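Asker: Chain by chain, the residues run as shown.
2 protein chains.
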Amino acid sequence: MLTVATTPEQAKQVISEWKAQGLTVGLVPTMGYLHEGHESLIKRAVAENDRVMVSVFVNPIQFAPGEDLETYPRDFEADKRLIEGAGATLVFHPEPADLYFPDACTYVNVEGITAELCGKTRPTHFRGVCTVVNKLMNISQADRAYFGQKDAQQLAVIRRMVRDLNMNVQVVGCPIVREEDGLAKSSRNTYLSAEERTAALVLSRAVAEGQRLMEAGERSAATVLGAMKQLIEAEPLARIDYVEMVSWDDIKPVETVDGPVLVAMAVYIGKTRLIDNFIFGE
Amino acid sequence: MLTVATTPEQAKQVISEWKAQGLTVGLVPTMGYLHEGHESLIKRAVAENDRVMVSVFVNPIQFAPGEDLETYPRDFEADKRLIEGAGATLVFHPEPADLYFPDACTYVNVEGITAELCGKTRPTHFRGVCTVVNKLMNISQADRAYFGQKDAQQLAVIRRMVRDLNMNVQVVGCPIVREEDGLAKSSRNTYLSAEERTAALVLSRAVAEGQRLMEAGERSAATVLGAMKQLIEAEPLARIDYVEMVSWDDIKPVETVDGPVLVAMAVYIGKTRLIDNFIFGE
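From first to last, the protein sequence lines are chains D and X. So for the first sequence, the UniProt record's numbering puts the first residue at 1; every next one is plus one. So for the second sequence, the UniProt record's numbering puts the first residue at 1; every next one is plus one.
Keep in mind the hints are simulated off the structure, nothing from the lab. Since we're looking at a predicted model, the values are computed, not measured. Where hints are given, some of them may not hold.
Pairs count within a copy or across copies, as identical chains cannot be separated in the list.
Pairs of lysine to aspartate or glutamate residues, derived as EDC-like cross-links and limited to a Cα-Cα distance of at most 16 Å, are as follows [as the list claims (entries may be wrong)]:
id : residue 1 : residue 2
1  : Lys252    : Asp103
2  : Lys271    : Glu195
3  : Lys43     : Glu84
4  : Lys12     : Asp143
5  : Lys252    : Glu209
6  : Lys19     : Asp143
7  : Lys12     : Glu36
8  : Lys19     : Asp50
9  : Lys43     : Glu179
10 : Lys80     : Glu17
11 : Lys271    : Glu84
12 : Lys80     : Glu196
13 : Lys252    : Glu39
When you get a sec, could you build the whole thing from the sequences and use the hints?
Answerer: What follows is the structure, given as structure tokens:
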């Protein structure tokens, strides 16, 4: 049976009963419109914890004006079926006014590590992400929280927040789940026309090309990124936001690989901004 | 028996044993050099919780360059005696390097409510306070945390942080403890020369004058504050940083009283900056 909580108080009541029984809690924060990527997170959380809370919340404070807050796809009935099928028993589905007081004025800021990649073009994005994830971790009192590696910078930023604030939760990163043809699963893939859907394959092809070069011994960021960009630029529907190589632990630009690195990209396919990445040497 | 933990891991180990037994935990965050004001917080925490953790930590990130970080008084042996005498069983006494990683980059910011009063002259102060208190709340997993009303803006800011981040801790504000002649107890009183110690009484006399006027029905902030300032300005060793009236819930300037207000001041006595306040209509 799936319990739906719409306010923090409702969710906390369920959680406090679990905690009183000494049960462990897994948290899977999502923006809904769930796909097999989310499903893999929920199943892993179910396997590793006594109880799992999935949050379904399109968080307004991580969107900037002009981004796709209003059009972000939503289908809560389908989400509930997927969540229940994956074995979670609590879904937290608040409205923005349930989660943010009108005079809310507290933000969790992770500096430095948020300056590169998505932080460059989305300067208030990670502040919104960290604030809502901090809230969800507090509401759920989670022992473990699950994040996809597709949002790799987000995963690094959340790990840093949890470490720096001495939070009592283990952050678990999970592999990217892809369509059969390679496209990374994303709720935003639904924005793509048939023609754009084909063009979007340049992202995973660039990932594969970058991986191939690095596994063959290439250690120059310029060479790896150059090959990846060339491949993407050959696609007329694609426009690069960024293709970059950074250190995986602190998200700083890398010229020559000598430790774990994140190679990440954001690419517009038509009007849709897609991201993909790989981690090398972890 | 008093246990001294110097790292978050040591403190968390003690706390997790308490939590496994279902015990409630009270937290009293301090900067040490404890006096009867702190003692009253610890005793209340002991009365209201199964176990109490007192932290003794002069938090560098809430001091700005030029403030009194280096000279802030310290006496850990005396602090331990007071803490044990008041009935707490765990003291958390880290060095800055135990609490902050060299690459720590996460801050908790409460905006708006931190703009007035002490926030005007100490613009990074509350960011440092909120960040360390958030960490201490996570380390202690406190059910209740105790703060003196002498730092009234701090109390309001911490309450707002806990509310906005859905933290699982109750913030308890406790009354100002004063010397027999009225001076609010403060670790910084030790900076005062004999002559300054006498001059410092203008703060509590101004508080008493403001309270007297408001209890007599005065509702104009300008009138109340004017009388208080006149009294302070008559003292040659005193220099006003601010004397202000703000709404108690959101720390916004008030012209005419029509709800709970905080009347707060910061006054230099020689080189020592002292604060005092009263709340009216709560």
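Asker: With identical chains, the pair Lys271 and Glu84 could be close in the same copy or across copies; at 16 Å between alpha carbons, which is it: within, between, both, or neither?
Answerer: So Lys271 and Glu84 fail the 16 Å test inside a copy (33 Å) and across (64 Å) alike.
Asker: Between copies, within a copy, both or neither: which fits Lys19 and Asp50 at Cα up to 16 Å?
Answerer: Close inside one copy (10 Å), not across copies (18 Å); limit 16 Å.
Asker: Indicate which option fits the pair Lys271, Glu195 if close means a Cα-Cα distance not exceeding 16 Å: within, between, both or neither.
Answerer: within (13 Å within a copy, 72 Å between copies)
Asker: Please sort Lys252 with Glu209 into within, between, both or neither, judging by C-alpha distance up to 16 Å.
Answerer: neither (22 Å within a copy, 57 Å between copies)
Asker: How would you label the pair Lys252, Glu39 (within, between, both, or neither) given a Cα cut-off of 16 Å?
Answerer: neither (31 Å within a copy, 46 Å between copies)
Asker: When no copy is named, should Lys19 and Asp143 be tagged within, between, both, or neither for a Cα gap of at most 16 Å?
Answerer: For Lys19 and Asp143, the Cα distance is within 16 Å both inside one copy (10 Å) and across copies (14 Å).
Asker: Is it within a copy, between copies, both, or neither that the alpha carbon of Lys43 lies no farther than 16 Å from that of Glu179?
Answerer: neither (18 Å within a copy, 61 Å between copies)
Asker: For Lys12 vs Glu36, is the C-alpha pair at or below 16 Å within one copy, between two copies, both, or neither?
Answerer: neither (28 Å within a copy, 37 Å between copies)
Asker: As a check of your reading, is Lys80 near Glu196 (CA-CA no more than 16 Å) within one copy, between copies, both or neither?
Answerer: Neither: 29 Å inside a chain and 68 Å across chains, both beyond 16 Å.
Asker: Since the copies are identical, ignore which copy is meant and state whether Lys43 and Glu84 lie within 16 Å (CA to CA) inside a copy, between copies, both or neither.
Answerer: Close inside one copy (10 Å), not across copies (48 Å); limit 16 Å.
Asker: Classify it for me, Lys80 with Glu17: is the Cα-Cα distance of at most 16 Å met within a copy, between copies, both or neither?
Answerer: neither (22 Å within a copy, 37 Å between copies)
Asker: Within, between, both or neither: how does the pair Lys12, Asp143 come out at a Cα-Cα threshold of 16 Å?
Answerer: both (14 Å within a copy, 14 Å between copies)
Of the numbered hints listed earlier, those contradicted by the structure are 5, 7, 9, 10, 11, 12, 13.
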